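From just these sequences and the hints, can you work out the full model?
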Amino acid sequence: MTISFKLSSFFSCLFLFACSEQPLNNPYPQSANNEQAVLYSSFSERPRHLDPAKSYSSNEYAFIGQIYEPPFQYHFLKRPYQLEPLTAKKMPEIHYYDDKGQRLTNNAAAKDIAYSDYIIQIKSTIRFQPHPALAKNQQGDYCYHQLSKPELAKIKTLQSFKKTGTRELIAADYVHQIKRLVHPQISSPIAELMKQTIVGLAEYAEQIKGQPRSALTDSEISGVKVLDKYRYSIRIKGKYPQFIFWLAMPFFAPMPWEADVFYSQQGLIDKNITLDWQPLGTGGYMLEANNPNLRMVMLKNPNYHADFYPMEGEQGDKEKGLLKDAGKQLPFIDKAVYRLEKESIPYWTKFLQGYYDASGIASDSFDQAIQFTGDGELSLTDNMQQKGIQLQTAVMSSISYMGFNMLDSVVGGKTEQARKLRLAIALAIDYEEYIAIFMNGRGVAAQGVIPPGIFGYQTDEQGINPYLYHWQNGAAKRKPLAEAQQLMQAAGYANGIDQQTGKALILYLDTAASGPDDRARLNWYRKQFTKLGIQLVIRATDYNRFQQKMRKGNAQIFMWGWNADYPDPENFFFLLYGPNAKTLFGGENAGNYQNIEFDYLFKQMSNMENNQSRQKIIKKMQEIIRHDSPWIFGLHPKSFSLYHQWYQNLKPNLMANNKLKYLRINAVQREQARQQWNQAVWWPVVVCVVIIALMVFPAVRSFQHKVKKTIL
Amino acid sequence: MFNYILRRLLYAFPLLFGVNVLTFMLFFVVNSPNDMARMHLGQKHVTEQAVDNWKQQRGYDLPLLINSNAEGLNQIKKTIFYQKSLRLFAFDFGISDSGRNIGEDIQQRMWPSLAIALPSLILGLVLNITVALMMVLFRQSYLELSSILLCIVIMSISSLFYIIGGQFLVGKLLMLVPISGYDTGLNAIKFLILPVLISVVAGVGSGARWYRSLFLEEIEQDYVRTARAKGLTETQVLFKHVLKNAMIPILTGVVVILPLLFMGSLITESFFSIPGLGSYTIDAINSQDFAIVRAMVFLGSVLYIIGLILTDISYTLVDPRVRLS
Numbered sequence: 002m003t004i005s006f007k008l009s010s011f012f013s014c015l016f017l018f019a020c021s022e023q024p025l026n027n028p029y030p031q032s033a034n035n036e037q038a039v040l041y042s043s044f045s046e047r048p049r050h051l052d053p054a055k056s057y058s059s060n061e062y063a064f065i066g067q068i069y070e071p072p073f074q075y076h077f078l079k080r081p082y083q084l085e086p087l088t089a090k091k092m093p094e095i096h097y098y099d100d101k102g103q104r105l106t107n108n109a110a111a112k113d114i115a116y117s118d119y120i121i122q123i124k125s126t127i128r129f130q131p132h133p134a135l136a137k138n139q140q141g142d143y144c145y146h147q148l149s150k151p152e153l154a155k156i157k158t159l160q161s162f163k164k165t166g167t168r169e170l171i172a173a174d175y176v177h178q179i180k181r182l183v184h185p186q187i188s189s190p191i192a193e194l195m196k197q198t199i200v201g202l203a204e205y206a207e208q209i210k211g212q213p214r215s216a217l218t219d220s221e222i223s224g225v226k227v228l229d230k231y232r233y234s235i236r237i238k239g240k241y242p243q244f245i246f247w248l249a250m251p252f253f254a255p256m257p258w259e260a261d262v263f264y265s266q267q268g269l270i271d272k273n274i275t276l277d278w279q280p281l282g283t284g285g286y287m288l289e290a291n292n293p294n295l296r297m298v299m300l301k302n303p304n305y306h307a308d309f310y311p312m313e314g315e316q317g318d319k320e321k322g323l324l325k326d327a328g329k330q331l332p333f334i335d336k337a338v339y340r341l342e343k344e345s346i347p348y349w350t351k352f353l354q355g356y357y358d359a360s361g362i363a364s365d366s367f368d369q370a371i372q373f374t375g376d377g378e379l380s381l382t383d384n385m386q387q388k389g390i391q392l393q394t395a396v397m398s399s400i401s402y403m404g405f406n407m408l409d410s411v412v413g414g415k416t417e418q419a420r421k422l423r424l425a426i427a428l429a430i431d432y433e434e435y436i437a438i439f440m441n442g443r444g445v446a447a448q449g450v451i452p453p454g455i456f457g458y459q460t461d462e463q464g465i466n467p468y469l470y471h472w473q474n475g476a477a478k479r480k481p482l483a484e485a486q487q488l489m490q491a492a493g494y495a496n497g498i499d500q501q502t503g504k505a506l507i508l509y510l511d512t513a514a515s516g517p518d519d520r521a522r523l524n525w526y527r528k529q530f531t532k533l534g535i536q537l538v539i540r541a542t543d544y545n546r547f548q549q550k551m552r553k554g555n556a557q558i559f560m561w562g563w564n565a566d567y568p569d570p571e572n573f574f575f576l577l578y579g580p581n582a583k584t585l586f587g588g589e590n591a592g593n594y595q596n597i598e599f600d601y602l603f604k605q606m607s608n609m610e611n612n613q614s615r616q617k618i619i620k621k622m623q624e625i626i627r628h629d630s631p632w633i634f635g636l637h638p639k640s641f642s643l644y645h646q647w648y649q650n651l652k653p654n655l656m657a658n659n660k661l662k663y664l665r666i667n668a669v670q671r672e673q674a675r676q677q678w679n680q681a682v683w684w685p686v687v688v689c690v691v692i693i694a695l696m697v698f699p700a701v702r703s704f705q706h707k708v709k710k711t712i713l
Numbered sequence: 201m202f203n204y205i206l207r208r209l210l211y212a213f214p215l216l217f218g219v220n221v222l223t224f225m226l227f228f229v230v231n232s233p234n235d236m237a238r239m240h241l242g243q244k245h246v247t248e249q250a251v252d253n254w255k256q257q258r259g260y261d262l263p264l265l266i267n268s269n270a271e272g273l274n275q276i277k278k279t280i281f282y283q284k285s286l287r288l289f290a291f292d293f294g295i296s297d298s299g300r301n302i303g304e305d306i307q308q309r310m311w312p313s314l315a316i317a318l319p320s321l322i323l324g325l326v327l328n329i330t331v332a333l334m335m336v337l338f339r340q341s342y343l344e345l346s347s348i349l350l351c352i353v354i355m356s357i358s359s360l361f362y363i364i365g366g367q368f369l370v371g372k373l374l375m376l377v378p379i380s381g382y383d384t385g386l387n388a389i390k391f392l393i394l395p396v397l398i399s400v401v402a403g404v405g406s407g408a409r410w411y412r413s414l415f416l417e418e419i420e421q422d423y424v425r426t427a428r429a430k431g432l433t434e435t436q437v438l439f440k441h442v443l444k445n446a447m448i449p450i451l452t453g454v455v456v457i458l459p460l461l462f463m464g465s466l467i468t469e470s471f472f473s474i475p476g477l478g479s480y481t482i483d484a485i486n487s488q489d490f491a492i493v494r495a496m497v498f499l500g501s502v503l504y505i506i507g508l509i510l511t512d513i514s515y516t517l518v519d520p521r522v523r524l525s
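Chains A and B are the protein sequences, given in the same order. First residue of the first sequence? That's 2 in this note's numbering, and the numbers climb one at a time after it. First residue of the second sequence? That's 201 in this note's numbering, and the numbers climb one at a time after it.
Don't read these hints as lab results, they were simulated from the structure. As the structure is a computational prediction, the values presented were derived from the model and not from experiment. The beta carbon of each residue, even a glycine, is placed where N, CA and C say it ideally should be. Careful: at least some of the hints might be erroneous.
What the hints assert, rightly or not - Some residues of chain B that are not near chain A, with every Cβ distance over 10 Å (derived): (1) VAL221; (2) PHE224; (3) LEU273; (4) ARG309; (5) LEU318; (6) LEU323; (7) LEU349; (8) LYS372; (9) ASP422; (10) LEU451; (11) LEU460; (12) PHE472.
Unchecked claim - Below, in silico cross-link-like pairs of lysine-lysine (DSS-like), each with a Cα-Cα straight-line distance of 27 Å or less: (13) LYS196(A) <-> LYS430(B); (14) LYS244(B) <-> LYS550(A); (15) LYS430(B) <-> LYS707(A); (16) LYS660(A) <-> LYS244(B); (17) LYS150(A) <-> LYS163(A).
Have a look at this one:
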């Protein structure tokens, strides 16, 4: 083969590559059907678990929320958040019993209720996705439950199985999943919590210790019963109205016993074919490809049951076009492709090129996307608007706070001196400034424990923290620093000097934020304390050590946060409930705050329906916390999402995990935009080649001249 | 030679044992089994009982190195070190703490690492040698001076800049290739162009200068003068004599890194979202997955030892004066 032939072949290939119909920078295969309704998204960290008994993080719920179906779900459009049946036929019947087993009325006092029975009826004709674990032969036996070694040798992935099967969803599948929660091999994060909640679960856990997963069906939980093919009941201890929210989480999604038998085969485990990686559900989607190191692909479940887009939403939804698909069969998207994308810059660029349908906004690209208008409002930049990109914001159901260890001798305790010191610090730390500097305005300074969108949160003057803010011109305004200095004086620390010892007050902040990006933030905190003359010593450490300190009560001031499990104030106030004190009882009350009145109100509030009486109690509880100030409330983060015009039916829903089925993609519009935005630019390459040639040519000529030169 | 290789392989055992002990100790100085359990169980509603269950299920409830409650050999056998680390010698990497088969993961992830590292090495070698020969050929000309200057400039810039700059220029502005990502089979080619290009360009500064110094050392030798006196042209002298003799240090330098190509590059893989082994180790450290960390450190040590043995062998192949004994 001559050099000229090789060169011409190379350039021919290059020419063909350049002349391809697809843009050269298209990261998706040429074979991809560009008019199919495919959602393109990403994940930055591979999900650790896809087993609904184990998963407990948002990046895992993004997948399993679409695959597994608990009996209840959050309404996609209505606010405040409302639960509705998903696979259940109706909301559960709840029966209360006293300790003698006598049935009580629905309005019985919480103290009289010893047990609550939740009776759940599921819809008939719901079927599982096609899966080899459910495949049967002509004799009615399962094809792949006892694979031989030669059969296993042929299996590389789940797609290697030729046959798949399905069957109807029954109540026993839900009961089986509850049993799975306490199997020691599964290590469910809520196992201990549920053992304390569900009657008989702790005893069942003892029975199955040392047994394989396939033995889960051999014994029963005394408090969880299959009533008939489509009905089951769960008995819980006492009255716990928030239990219904747990029933809307994947922990309580159905699991066929066949899945545990199929996936228990060692030959499959050795090939990473496990239930933790290959889900089996009844949801709108099923996982077609699961390579958590590269990409995960979900396809529409061909067996998906009748499920329709909501007919009604909240006010304004119709005007926003969110009810255009009302009553239509779900899901709309045929396929969802999630690719591994570890860094934010490439992700952002691909979003702008149209290769991802939606994006968050990293700090690096904030100025590129968002601009502030003259009146301080946020809007999209012209470049974004030209591309038809739209912005959606939502205040998260979470809180970032700075806590005081109430066991500490300086900042803790119930003395007036310590309380005033805590309040002075809370007043000095200007979270509005923090949000502006470090979060590009993406947050709301917290006025109390409850974030917006959760029952009990108040937006008006009634909702402000009167110890730190006053109401001015229709908005909460932070009180001046002079008041904080007065509080310091009253606490015996005028200008940051301890009046008893005459020495400067030194406080210690423990944090797990020790990266280079955190330095500026920590310096900012130091400056806030300096305003009061307090010297703040930062004790940054890794998260393990930080947690250890918190468990042992060795921290003085700390920073932490909480993300709502469910939309109920109980899920936030329990972080300050005395019996949950971390150091004393190993609970989630990291500051070890104890207040008898607060604890009493908490117990009362926990068992109530959302009504005026509950609102009043919540107000009292907020007042106690604001007065005692065991936390500096910090902020509620605000999420900013950008999405392309072809991505439709988007509405922020911070509670629902199964949003994918409601979304719609206009693939034709997307394809046109991609073609328009991604025309390759070749001229700089040609210019570079010419420059190199111009540099080399004179040298070659001079070398040739030198070689040919003779002595004479 | 066989005896020499056998001896080197036997030496490797105590070395690998030491590496194993050291990795084990360093890991458990920073992370306790309790920390690992909490990391895997998440941050919410984690009780002491749940932590104990997790440890028991995965064998982390045993003492680290010596079990004083056991008797005889069980004092050693009933420990985390014995149960977890020693079977690595049989290349049984076991199951990760998150429940995946590590051997399968390594097999799957080494190919993307290799897909970047191998073309980068070959193309880089060819380019570096070409540029170095060109500098020597045109020595004491403007081309050599400007090439040295360019090499120093290239060397002085951080590799991170090349990656971000390359992605910005080629992927974003010129839109010639995808900015990041990976795919299987032939679809992978379009994703490899940019990382390989960046890797080659980023390495040309130091590579070309090193090879240039090797060639310049050779060009002053007596045999070169003899070759010129014979009437050979400058190009013949360079390609037939200088290049051949300078190949010894070049070859040995390349052979030693060959086995390590499997281990991947952390930064490149991370920025280009390439699912190789480089990011596998770092992800494992971040998630405190000791099973993966010990497997990757062990594998890295084995490959390094193989690299050194191959280097010794390559000496005998390229230089007949060297004998292994």
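request  = Could you check the structure against the hints above and give me the numbers of any it violates, in ascending order?
outcome  = As far as the earlier hints go, 4, 8, 12, 13 are violated by this structure, in ascending order.
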